[in-house]
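If you read the sequences in order, they're chains A and B.
At position 33 of the first sequence (counting the first as 1) the number is 33 in the numbering used here, and the numbers step up by one without a gap.
At position 27 of the second sequence (counting the first as 1) the number is 27 in the numbering used here, and the numbers step up by one without a gap.
Be aware that one or more of the hints could be misleading.
Stated by the list, open to error - Simulated DEER-style distance windows between Cβ atoms:
| no. | chain 1 | residue 1 | chain 2 | residue 2 | range |
| --- | --- | --- | --- | --- | --- |
| 1 | A | Ala32 | B | Val9 | 19 to 29 Å |
| 2 | B | Val9 | A | Asp450 | 36 to 46 Å |
| 3 | B | Val16 | A | Ala193 | 42 to 52 Å |
| 4 | A | Ile545 | B | Leu12 | 33 to 43 Å |
| 5 | A | Ala532 | B | Ile5 | 53 to 63 Å |
| 6 | A | Arg463 | B | Ala17 | 49 to 59 Å |
| 7 | A | Ala263 | B | Ser6 | 25 to 35 Å |
| 8 | B | Ile5 | A | Gly510 | 51 to 61 Å |
Claimed, not checked - Derived coverage of chain A by chain B (criterion: at least 3 residues anywhere in the stretch with Cβ under 8 Å from a Cβ of chain B; other residues may be distant):
| no. | stretch |
| --- | --- |
| 9 | 14-21 |
| 10 | 241-253 |
| 11 | 363-372 |
| 12 | 375-382 |
| 13 | 414-421 |
| 14 | 445-452 |
To be verified - Negatives, chain A to chain B, calculated, CB over 10 Å:
| no. | residue |
| --- | --- |
| 15 | Leu214 |
| 16 | Asn286 |
| 17 | Arg358 |
I should point out that these hints are in silico values taken from the structure, not numbers from a laboratory.
We treat Cβ as the ideally placed atom computed from N, Cα and C, and that holds for glycine.
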Amino acid sequence: MAAGGRTWRTGWPLPALTGLGLGLLVLGPGLAPGFVLSYDMVFVPDPGFTPWTFGVTGTVPRHVPSDAFAAALATVLPGDVAQKVVLLAVFVMACMAAASLVPSPRILPRLAAGVCYAWNPFVAERLLLGQWALLLGYAALPWVAAAAADADARGGGRRLVRALLPAAIGGFAALTVSGITALAVAAARRRGAGVLRVVLALAVLSLPWLVPGLLRAGGVPGDGGAVEAFAARADTPFGTLGSLLLLGGVWNGETVPAAYGNAVTSGVWLAVVLVALFAYGRWCANTDAPWQRGLAGAAAVGFAVAALGAVAAPVLEGLIGLWSGFAVFRDGQQYAAPLAVVVAVGLGVAADRAAQARLGAVTAGAVLAPVVLLPSLAWGAAGQLRAVDYPDDWARARDIVHADEQPGVVLLLPWAAYRSPQWNHGRRVLDPLPRYLHRRVIANDAVTVDGTTVAAEDPRAVRLDPLIRSGAALTEALRREGVRYVAVDDPANAGSQARRLAGAKVVLRGRDLVLYRIDGAADVRDERVPTAAVAGAWIVTGIAIVWSWLGSAITLGTPLLGRNPRRRVD
Amino acid sequence: MRIAISALVGVLLAAVASFGAVQLASASQKDPVIKPLYNYGSR
Numbered sequence: 001m002a003a004g005g006r007t008w009r010t011g012w013p014l015p016a017l018t019g020l021g022l023g024l025l026v027l028g029p030g031l032a033p034g035f036v037l038s039y040d041m042v043f044v045p046d047p048g049f050t051p052w053t054f055g056v057t058g059t060v061p062r063h064v065p066s067d068a069f070a071a072a073l074a075t076v077l078p079g080d081v082a083q084k085v086v087l088l089a090v091f092v093m094a095c096m097a098a099a100s101l102v103p104s105p106r107i108l109p110r111l112a113a114g115v116c117y118a119w120n121p122f123v124a125e126r127l128l129l130g131q132w133a134l135l136l137g138y139a140a141l142p143w144v145a146a147a148a149a150d151a152d153a154r155g156g157g158r159r160l161v162r163a164l165l166p167a168a169i170g171g172f173a174a175l176t177v178s179g180i181t182a183l184a185v186a187a188a189r190r191r192g193a194g195v196l197r198v199v200l201a202l203a204v205l206s207l208p209w210l211v212p213g214l215l216r217a218g219g220v221p222g223d224g225g226a227v228e229a230f231a232a233r234a235d236t237p238f239g240t241l242g243s244l245l246l247l248g249g250v251w252n253g254e255t256v257p258a259a260y261g262n263a264v265t266s267g268v269w270l271a272v273v274l275v276a277l278f279a280y281g282r283w284c285a286n287t288d289a290p291w292q293r294g295l296a297g298a299a300a301v302g303f304a305v306a307a308l309g310a311v312a313a314p315v316l317e318g319l320i321g322l323w324s325g326f327a328v329f330r331d332g333q334q335y336a337a338p339l340a341v342v343v344a345v346g347l348g349v350a351a352d353r354a355a356q357a358r359l360g361a362v363t364a365g366a367v368l369a370p371v372v373l374l375p376s377l378a379w380g381a382a383g384q385l386r387a388v389d390y391p392d393d394w395a396r397a398r399d400i401v402h403a404d405e406q407p408g409v410v411l412l413l414p415w416a417a418y419r420s421p422q423w424n425h426g427r428r429v430l431d432p433l434p435r436y437l438h439r440r441v442i443a444n445d446a447v448t449v450d451g452t453t454v455a456a457e458d459p460r461a462v463r464l465d466p467l468i469r470s471g472a473a474l475t476e477a478l479r480r481e482g483v484r485y486v487a488v489d490d491p492a493n494a495g496s497q498a499r500r501l502a503g504a505k506v507v508l509r510g511r512d513l514v515l516y517r518i519d520g521a522a523d524v525r526d527e528r529v530p531t532a533a534v535a536g537a538w539i540v541t542g543i544a545i546v547w548s549w550l551g552s553a554i555t556l557g558t559p560l561l562g563r564n565p566r567r568r569v570d
Numbered sequence: 001m002r003i004a005i006s007a008l009v010g011v012l013l014a015a016v017a018s019f020g021a022v023q024l025a026s027a028s029q030k031d032p033v034i035k036p037l038y039n040y041g042s043r
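Can you build the whole structure from these sequences, using the hints too?
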């Protein structure tokens, strides 16, 4: 026991420091003061706790509870610092968690797993796509696998909830990926109690987004027509399936790291992945630990789900037709996450075998390979992730809107969800204004990928869509719809909004934002989800989280997951 | 421990070298202006 404890205590700092070093290298210029805004990654100064934050306004709660977590963190830290803390935590946790699964007392093999898990195409592409909430769950996935393996043991439920906490913060996508993994690992042990605990933990931690999602007036949306838009795609010479196997294959061609996918580095990376998978397979064959096979099963299931939209789109479209909730499988590549765990642990096992054979160079090479083969992830993914400040016009608009006590919502124009503002170096980002303002903002949440558009989901956006697209005068109609302000945050490309807003008063005209006010706006309320139900969901989840930490003297010297898996598998 | 520190230094050196190469490659590039303006992305 003492040996195991000593191993753990001396075992975690170096992976943690390595993860921190990798995170610092990845973020690079993004560590400067300001916000890193890329696709879905939106952090704002002084975010508020609004009904929208909790998904009460009838919108689809994709941002629940991750936005609430970001807002909570920003109450104790400046918003931009909070963002950097979250992003660095992803790398630290990923490196520590993957390293903890490698059955070796040697540090280098464990570092090989940690570096591989924190620095690979999956992390790069999802980071560029701005999916920090998904990456939170990804980072803790090895811990989830270990906790699920022991779910039926004494205290196993508590450990499982703790391990799932980052995924729970991340929301539905992160929890779905973690859920598949945890269920596969628990099922492999063939103990009903373990599976039941996994199901219960997943259900309780899902409540903050599940309740508003199920109770919203429009139900669970699912556009089957968008399957091909979000299906995995080839970003290496090895086709879509080969790209997924290499942990790449994100649907968005704009978020592939610079220079990734060339034949030479992809070929070497393929060899590394195959060696890692072979080593993992040998390890499974030579030990009697069902959870390892469960993790392999999770990787296989995840890979199949990841490939589904690309190789059998009609099947997924049919499933979404049966129940729209299956749309969660549309963005396939994110389900390659369990495979990343297997690859990372397998690389660690291979490195350990090399160390046993006194092939030090091979062991060191295993540590360095992920970084050397994907150098463009460094320094803000080759300068793509940079810290920027919000324009002064935005702060002025916020002061105006927040000082106004009259009711009414803000309408956001141009009528599109994403922007490529010059102040963000032209980088595409989900418009931050709905988070920047504490007043309800109606924005077009329809998303367009190439020629495919996924329909808007916000009921009020759906209602206003025909009017705004019509080209007709807006002011009177918006007044009836309860719109108090119209914010045009891309004036240079917004066209002739002024003509359509005749009668509205310009209260701010800046280079980066023009704000109109419509006096006499009607008091139109959202079709809200019952607040009591949402509050109840948060209370139940909160109780479960507090319970999971009770009775466990959590210190840095105590294994987060209880028993160290290394001792179980050796 | 020395081996571990060496590995850590190796990772850092590799990353710094990679960073230098990438910086050289991207130094001449201008800010990306992605069109069409309001798409989520393109495949």
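Results for each hint:
{"no.": "1", "hint": "A/Ala32 x B/Val9: 19 to 29 Å", "verdict": "25 Å, holds"}
{"no.": "2", "hint": "B/Val9 x A/Asp450: 36 to 46 Å", "verdict": "45 Å, holds"}
{"no.": "3", "hint": "B/Val16 x A/Ala193: 42 to 52 Å", "verdict": "50 Å, holds"}
{"no.": "4", "hint": "A/Ile545 x B/Leu12: 33 to 43 Å", "verdict": "36 Å, holds"}
{"no.": "5", "hint": "A/Ala532 x B/Ile5: 53 to 63 Å", "verdict": "56 Å, holds"}
{"no.": "6", "hint": "A/Arg463 x B/Ala17: 49 to 59 Å", "verdict": "55 Å, holds"}
{"no.": "7", "hint": "A/Ala263 x B/Ser6: 25 to 35 Å", "verdict": "31 Å, holds"}
{"no.": "8", "hint": "B/Ile5 x A/Gly510: 51 to 61 Å", "verdict": "52 Å, holds"}
{"no.": "9", "hint": "14-21", "verdict": "holds (count 4)"}
{"no.": "10", "hint": "241-253", "verdict": "holds (count 3)"}
{"no.": "11", "hint": "363-372", "verdict": "holds (count 5)"}
{"no.": "12", "hint": "375-382", "verdict": "holds (count 5)"}
{"no.": "13", "hint": "414-421", "verdict": "holds (count 6)"}
{"no.": "14", "hint": "445-452", "verdict": "holds (count 4)"}
{"no.": "15", "hint": "Leu214", "verdict": "26 Å, holds"}
{"no.": "16", "hint": "Asn286", "verdict": "25 Å, holds"}
{"no.": "17", "hint": "Arg358", "verdict": "12 Å, holds"}
Every hint, counting from the list given before, is met by this structure.
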